[in-house]
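Based on the provided sequences and hints, a complete structural model is requested.
Under full-length UniProt numbering, read the sequence shown as residues 1 to 280, first letter to last.
Please note: incorrect hints may appear among the correct ones.
[To be verified] List time: in silico DSS-like cross-link candidates among lysine-lysine, alpha-carbon distance up to 30 Å:
| # | residue 1 | residue 2 |
| --- | --- | --- |
| 1 | K184 | K223 |
| 2 | K2 | K13 |
| 3 | K239 | K184 |
| 4 | K200 | K222 |
| 5 | K98 | K239 |
| 6 | K22 | K179 |
| 7 | K222 | K143 |
| 8 | K222 | K186 |
| 9 | K143 | K22 |
| 10 | K2 | K184 |
| 11 | K184 | K41 |
| 12 | K186 | K143 |
| 13 | K143 | K196 |
| 14 | K175 | K223 |
| 15 | K143 | K98 |
| 16 | K223 | K179 |
| 17 | K184 | K119 |
| 18 | K222 | K196 |
| 19 | K98 | K37 |
| 20 | K215 | K200 |
| 21 | K143 | K120 |
| 22 | K13 | K41 |
| 23 | K186 | K175 |
| 24 | K239 | K186 |
| 25 | K120 | K200 |
| 26 | K239 | K175 |
| 27 | K222 | K119 |
| 28 | K120 | K186 |
| 29 | K98 | K119 |
| 30 | K175 | K98 |
| 31 | K37 | K22 |
| 32 | K215 | K120 |
| 33 | K200 | K223 |
[As the list claims (entries may be wrong)] Pairwise CB distance ranges (calculated):
| # | residue 1 | residue 2 | range |
| --- | --- | --- | --- |
| 34 | N107 | Y39 | 37 to 47 Å |
| 35 | E276 | K143 | 28 to 38 Å |
| 36 | K2 | D29 | 16 to 26 Å |
None of these hints come from the bench; they were simulated from the model.
Glycine included, C-beta positions come from ideal geometry on N, C-alpha and C.
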Amino acid sequence: MKILEKAQLVKMKQLDHTHNEKRILQCIDFPFLVFMKFYFKDNSYLYMVLPFAQGGEMFTHLRRMGRFDESLARFYAAQVALALEYLHHCSLIYRDLKPENILIENNGYIRMTDFGFCKKIENRTWTLCGTPEYLAPEIILSKGYSNAVDWWSFGVLIYEMNAGYSPFFAYNPMKIYEKIVAGKYKFAHHFSEELKDILKNILQVDLTRRCGNLKEGSMDIKKHCWFQSIDWIEIYNQKVQPSFLPHCGNDGDTSNFDLYEEIPLEVSSVDHYTQEFANF
1 MKILEKAQLV
11 KMKQLDHTHN
21 EKRILQCIDF
31 PFLVFMKFYF
41 KDNSYLYMVL
51 PFAQGGEMFT
61 HLRRMGRFDE
71 SLARFYAAQV
81 ALALEYLHHC
91 SLIYRDLKPE
101 NILIENNGYI
111 RMTDFGFCKK
121 IENRTWTLCG
131 TPEYLAPEII
141 LSKGYSNAVD
151 WWSFGVLIYE
161 MNAGYSPFFA
171 YNPMKIYEKI
181 VAGKYKFAHH
191 FSEELKDILK
201 NILQVDLTRR
211 CGNLKEGSMD
221 IKKHCWFQSI
231 DWIEIYNQKV
241 QPSFLPHCGN
251 DGDTSNFDLY
261 EEIPLEVSSV
271 DHYTQEFANF
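Now the structure itself:
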């Protein structure tokens, strides 16, 4: 359950952001995306109830393993590709793809989460948002951008799953941006030729050459030789046996998530933000 404090949302000017996320979670319906089960509010908080992906974040497992083997990375990448294809078909741009925003269910399949930066666009947008190492060059250069930025982030994700680190890693954010804008990165020594090729085609600074943004759109990615072993229908129907299943002791097991101190919610006797959240 996602709990948001009304006062904090107003203070941080996140009203539009929050209403937008709620609308998107209500309208999406796809196997590899989190969705809204139901929502409610009280005088102080907003509550969004989402499916429980018991396996935890991909980020946790990636750090634990060091890196994924290529077949597991391809299995996850196929699901992300289908999810992005669906969002783009709905005229939605995701804008925050990273391992922390990919949850793993107890059946080994994924669900992408956190639609705070997701936005409906008809043509282009200019907002600077996202995670530094996953930003596309056109976002950094404030050129205006489209859903092609999601495919760039997809390339970064494929690299990180296979290497265990980002292709544009640096300790200084400005250095990260310089590397991204220059399209400067090196392949890990164990990368297969097919993996190198798909990364070369996706991590293209030149939009007119970026795979996913060409005439055939997402089909160029799905037809790439790195995905040759993937049966897309079987993946969609979750018929492929995953090579990794997260350990889940029982239906209520939360061991795949970090532990946080539970802070009691203090609900006000008066709703000071009735107007701001009237439509929530």
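Honestly, which of those hints from before does the structure not fit?
The structure breaks hints 3, 6, 10, 11, 14, 24, 26, 28 and 34; every other hint is satisfied.
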